[in-house]
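2 protein chains.
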Amino acid sequence: MTDGGARYGDIMLRLPPWLLAIAERENPVFTSVEARMRFAIELAQQNVRRRTGGPFGAAVFDSATGHLAGVGVNLVEASHCSIAHAEMIAIVMTQQAVGHYDLGAAGHAYELATSTEPCAMCLGAIPWSGLRRVVCAAHGEDAAAIGFDEGAKPADWPGELGRRGIEVIRDVLRSEAQAVLQEYARSGGLIYNAQQPA
Amino acid sequence: MTDGGARYGDIMLRLPPWLLAIAERENPVFTSVEARMRFAIELAQQNVRRRTGGPFGAAVFDSATGHLAGVGVNLVEASHCSIAHAEMIAIVMTQQAVGHYDLGAAGHAYELATSTEPCAMCLGAIPWSGLRRVVCAAHGEDAAAIGFDEGAKPADWPGELGRRGIEVIRDVLRSEAQAVLQEYARSGGLIYNAQQPA
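Same order as they appear, the protein sequences are chains A and B.
Counting along the first sequence from 1, when you hit position 195 you're at 194 in numbering that gives the first Met the number 0, and nothing is skipped either side.
Counting along the second sequence from 1, when you hit position 130 you're at 129 in numbering that gives the first Met the number 0, and nothing is skipped either side.
Honestly, the hints are just simulated from the structure, not real lab data.
All figures in this text were calculated on a predicted structure; none of them were measured in a lab.
Using N, Cα and C, we set each Cβ at its ideal position, and we do this for glycine too.
Any given hint could be a false lead.
Stated by the list, open to error - Simulated DEER-style distance windows between Cβ atoms: (1) Ala154(B) / Gln181(A): 34 to 44 Å; (2) Asn26(B) / Ser31(A): 51 to 61 Å; (3) Gly106(B) / Leu189(A): 18 to 28 Å; (4) Arg48(A) / Ala104(B): 20 to 30 Å; (5) Ile190(A) / Ala105(B): 17 to 27 Å.
As the list claims (entries may be wrong) - Stretches of chain B that chain A covers, calculated by requiring three or more beta carbons in the stretch to come under 8 Å of a beta carbon on chain A: (6) 19-33; (7) 39-51; (8) 71-85; (9) 96-102; (10) 127-136; (11) 173-180.
With these hints in hand, go ahead and build the complete structure from the sequences.
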């Protein structure tokens, strides 16, 4: 269709086999906020060490039971997809497993643990997802410190989510998540920021 | 893994066959901004009439040649995926066809025509995509008028994109796009707004 004769089809994002293996483990339960965040940071670290993408990890949990419901890591480069941020992958994996676009349907309460605070896109996606809580480790400025852009976010973004009934908890294991960002920068990982003025 | 024994796999978004058939037409060219927008609005209208999703359509074009590069419609409900907005589908389809997460790589200039101005999520996604221009028809408030939420956007969102080298053109065929929103509302289409305070 384009000059290069591109072919079109259903949209497919292949996940790294190590990530799918983790998702398919039998019914793991994470009872504390810290345990949930430690798991999200471990995903970020594995993504760096296995060289499957950027230094970001996220996971969705059933808030009441602590059951793991979905996982994600940054897959932008390998999947040729600028929206494949860790939070987006975790949200979509959970919704596809649950079979509904609204994770808050039928009174369910799901929460997202993300190793770095959401960028403007992921922040905008959260209200549409039906998530009830977002737990964050590293700050957006920690990602900016190694060169990543977080986009134009409302100054009081936790307040904006709060007004939509979504609780935000920050600074859970921040230093552990910062260490993963630093490890990625030291390893020479790609710091992509697509948009440069023409 | 969850209580319901959910199964996990690669992320797959199935596109309606009518949309894929349009994407695979041979090398169509749209020379004017209005022609590009008319096509995006036609996608929105087809999505309503075929009952495959919400009243939103988008398309990506090579700015220099006018070749169609990717298409999208709202597929949230059918695909069980809250991020499946028209703009996101069009961006990802284009990136997968081009084989790069940055549509601005190698000096290329691609533009997005969207039948309604982007919500907070899609707005946040635009700088990461490498798009150089965004053309809009209906305003966010036109979607809000039939019950859709557009999220927390910066007051001067065109200026925010402009500062990143992305041109914004508004009000192209607005009334035609408004008519599709109104047709959807009259037809009793689902107006989903996932997040309700618990």
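Do the hints match the structure? See the list:
no., hint, in the structure
1, Ala154(B) / Gln181(A): 34 to 44 Å, "holds (35 Å)"
2, Asn26(B) / Ser31(A): 51 to 61 Å, "holds (56 Å)"
3, Gly106(B) / Leu189(A): 18 to 28 Å, "holds (19 Å)"
4, Arg48(A) / Ala104(B): 20 to 30 Å, "holds (27 Å)"
5, Ile190(A) / Ala105(B): 17 to 27 Å, "holds (19 Å)"
6, 19-33, "holds (count 7)"
7, 39-51, "violated (count 0)"
8, 71-85, "holds (count 8)"
9, 96-102, "holds (count 7)"
10, 127-136, "holds (count 4)"
11, 173-180, "violated (count 0)"
When held up to the earlier numbered hints, the structure conflicts with 7, 11 and fits the remainder.
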